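**Student:** The primary structure of each chain is shown beneath.
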Amino acid sequence: MKISRHCFLKIRSAMPALSLALVTVLALALGCTKKPTNTNEILVGEFGSFSGSEATFGQSTSEGVKLAFAEINKKGGINGKQLRLISLDNQGKPEEARAAVQRLITQDKVVAVLGEVASSRSLAAAPVAQQYQVPLITPSSTNPKVTEIGDYVFRVCFIDPFQGLVMAKFAALDLKKKRVAILRDVKSDYSTGLADVFATEFKKLGGEIVADESYQAGETDFKAQLTQLKGKKPDAIFVPGYYTEVGLIARQTRQLGMTAPLLGGDGWDSEKLSELGQDAIKGSYFSNHYTTESTEPIVTNFIKAYRDAYGGKTPDGLAALGYDAAGILIQAISRTTEITPKNIRDEIAKTVDYPGVTGKITINEKRDATKSAVVVQVDGKVNRFIKTIAP
Amino acid sequence: MDQSHSQEFIQHVINGVSLGSIYALIALGYTMVYGILQLINFAHSEVYMVGAFAAYYVGSNKYLALTEHQGVGALIVLLIVAIAACSILGVTIERLAYRPLRKAPKLNILITAIGVSLLLQYSGQIVFGSDPKLFPEVIKDVSLFKIGGVEVHSLDVTILVVGTIVMLGLHFLVQHTKIGIAMRAVSSNEMVARLMGINVNRIISFTFILGSSLAGVASVLVGLKYPKIDPLMGMLFGIKAFVAAVLGGIGSLPGAMLGGVLLGLCEEMVVGYISSTYRDALAFGILIVILLFRPAGLLGSVQREKV
Amino acid sequence: MAALTDQTARFNTLKSLPAPVVAMMALIGLGVLFDNFTNAYTQFVMVLILTNVVLATSLNLVNGFTGQFSLGHAGFMAVGAYTSAWLVTRPELGALPDFLKFLLLPIGGGLLAAVAGYIVGLPSLRLRGDYLAIVTLGFGEIIRVALLNSDSLGGARGMYGIPSTEAVPALGLTAFSAQFAVASVWAVITFVTLWRIVHSAKGRAFLSVREDEIAAEAMGINITQTKVRAFVISAFFAGVGGSLFAHSVKYLNPSTFTFTKSVDIIIMIVLGGMGSLTGSVIAAVIITILPEMVLRELQQLTGIDLRMVIYSLLLILFMILRPSGILGRLEATDLWKMTLGRRKAEDRKVEGQRVEGKA
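Residue numbers (the working numbering), protein chains in the order written: chain L, 1 to 391; chain Z, 1 to 307; chain B, 1 to 359.
Just so you know, not all the hints are guaranteed correct.
[Unchecked claim] Just so you have them, the derived chain Z footprint on chain L, three or more residues with Cβ under 8 Å:
| # | segment |
| --- | --- |
| 1 | 168 to 181 |
| 2 | 265 to 278 |
[Claimed, not checked] Chain L stretches covered by chain B per the calculated footprint, using a threshold of three residues with CB under 8 Å from any CB of chain B:
| # | segment |
| --- | --- |
| 3 | 85 to 94 |
| 4 | 114 to 125 |
| 5 | 237 to 249 |
| 6 | 290 to 303 |
Think of the hints as simulated: they come from the structure by calculation, not from any bench.
These figures come from a predicted structure and were not determined experimentally.
Note that the Cβ used here is the ideal one computed from N, Cα and C, for glycine as well.
Extracted from the complex, chain L is given alone in its bound form:
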């Protein structure tokens, strides 16, 4: 008994010393390791939410990015150099996003960074790219503030003001709706941004916002909010959220006996939308970058390649944007004579009429993408093209 306790104490006393030693050694070893740089490779970093509550968005984007990289590498890379993508997860946390970008730039020494879906995480991480003068292209952060961070930050998607205007115009002028209710996701800056713009623009066009309720992404019960909306008798409901919630929102709207169409933004674009929403979402409209009905070869080729690569899955909007962000970057790199972050930045800034899946993309002086939007109507598994709205 006595001996065992003695031994116990000994082990106990050794534990922390050991663990401390281990940690220090590991930290130093990892901190000091210089990875052998392969001169035949071009390193590009990507950060995104590959796990955590927003994993599905991060993964979709990443699949699009990886497809673009695989294609260029299959063609022999850029001037004989293969592109290598280093993808780091941030679990959907802003502080991890910052850490990941810091790591990509200062430890892995990437020449450019692709990422984040959410504007919040782009806002957290982009200053690092700006500080170290490494170009960063965000595929789908729609908040205008993101590219205001500096001249090294670009985007390939719409900004909230444009998309909000598109839907406000469509609702007021095409659908001739007068009373619209808003149901926004307060947890997402994308959703609140879009909702705010929509409300201002719609009122300017003479419409009335009869109710403005909110939910938080991840919730499944929206009946309380919808009951409130129902009392206001709207003739359309604007739900600028992601498809993950919109499917259930549509169902519950119909369960409560409301027939008004739902309106939304590019966050709706996924084959999951109609799967989750079934008949309830049929007939609703949303603004998007492109339509899967398009016969342009770039779109059909992308959809085919994506299906081949990922087991028959139809790409969603985020995957298409990821693909285009990577495409613009690849094109910019291939135009540079010497591959340095500075040169790549300059080339990205010069992008004009890039034939992307999500439309012809021109990077303007604010480093935002100017491109037209389409409005589509959900009709079972397909989204019917309704009209194109130019910026």
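Since the structure of chain L is provided, determine the placement of chains Z and B on it from the hints.
**Tutor:** Then chains Z and B, alone, in the frame of chain L:
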């Protein structure tokens, strides 16, 4: 109150009770385990998630294609699958993760439970994929009858009825059967129970099977009501159900039921008459106030400190 | 009685040395070392470690030493972080030299967090165990939702471009080493303050509340006051931690301060040992480095992100194999003495019983 307002109010009440009965159903599982082990089984909500996925895979077109054979038969198959999956998982977790810690401080088991919960969430994202999936709709949610011009749907009634039956059944089991007496004995004093010849391990395993089965039942019913499942689906309902269990007085079966329905109503009324942006904040605020006046929950008994 | 002399001895070892000053200097020196030999990523993680040390040790006062169960630490942290981020832009502070400003900002964050701690501490008079846990959890959620809905603080978009310490050429500090110095100073202040509190006569009151409330009350300890005091002090330093966090990440979003964040900090103190300040420090170091630097390497090698899976598995295994945490209720200084064999045999016996009996 004119007619549309009263209709709206009734609608809110129905929504609240229906949401609350889901909280209640999951809360029963928390309270069950807590009653025996004084452990907040954080992994309960993930057991529930796994149950939903088990039912999803079996019911999907790959295996049984149950959406093509809608009806009560299909529902029973899903329930059996979910209950089996949950029970096995629940017992495994207890064996591997909690049993070695039976004598350790409470907080350690709690951290282990959080660890198990994280493990299931993140491995779930890898195994099942993190995209949302459509739960097989084996029965149609039809409108049953109307109260004050407001439709009442069959699933809402089912969930409430199942919740109540389960609560009564558990109550009977705990109060009037031999194994229930054994459970109460283990709960009040494990050592003495052991001396009285009760196989404590078996009782605890039984409790976990029971609690996890409840999670299985809940997963199918909730899956039918909100047919979207993903690996993190347990988190939201998990925390809310846990709050409901505490509100009702953790360890008390009727308390879990009452707490669940009350929390559901509370949230609903906050959204309906105050503000939807502050839904959770106000619901928690009300909860805190209630706890200040009833420090051991609504139906919990205040434990006198022994000197 | 033996235990008491033992505690006083512990206290004296620190008192006899100008330990805090030495520690601060050593840490700042370490910062300069990091500055020259590691990249910005490692440096970022190092500042996070110090932030987590502040958060973990402060939570240990409530959860470890006073035996209350708080699940709302992230809420206090948020209050401190947002207060500090708001204060830094105030023109009234412009007159202060930059470095001094950042050195003092955590006090602002801490004070407001302490007020919040007082408000949350009050219910702890009536509630115990899981009920208190729920109240603190609810409080944390309320803070988060309030932040989410306040446009002036950024709402869901978050606050970005928060200023951070700049280089101080006069002291030979770069931007990073200045930041690291601020964090070091506060980590040491936190640790030493808590250490002194816990090992003072008044501080014994916290332990007595944990061990046996009724006996403590019988000994004339004002339980109410003690618990509230623990909450206030703990919240103050959580606010300090939040402030450090705000100026190192330079971005704040309500989604950071969820229940999960509180759980992360709880994991640190349980891993380190409830009621062991040095244990919390060690655990904070491990928990910060593990997913960032160690498991990320693994992720890059394998290509699959198993970070959280491995993390949670390790957590479970650790809890099973070493339920009392790395140090239990011992402090690293105890081990030092034990390994040196300076300790008397009976002291060791008492310590052993204390650890095994009550852990």
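**Student:** Compare the structure with the hints numbered earlier in the document and write down the numbers of the violated ones, lowest to highest.
**Tutor:** 1, 5 and 6
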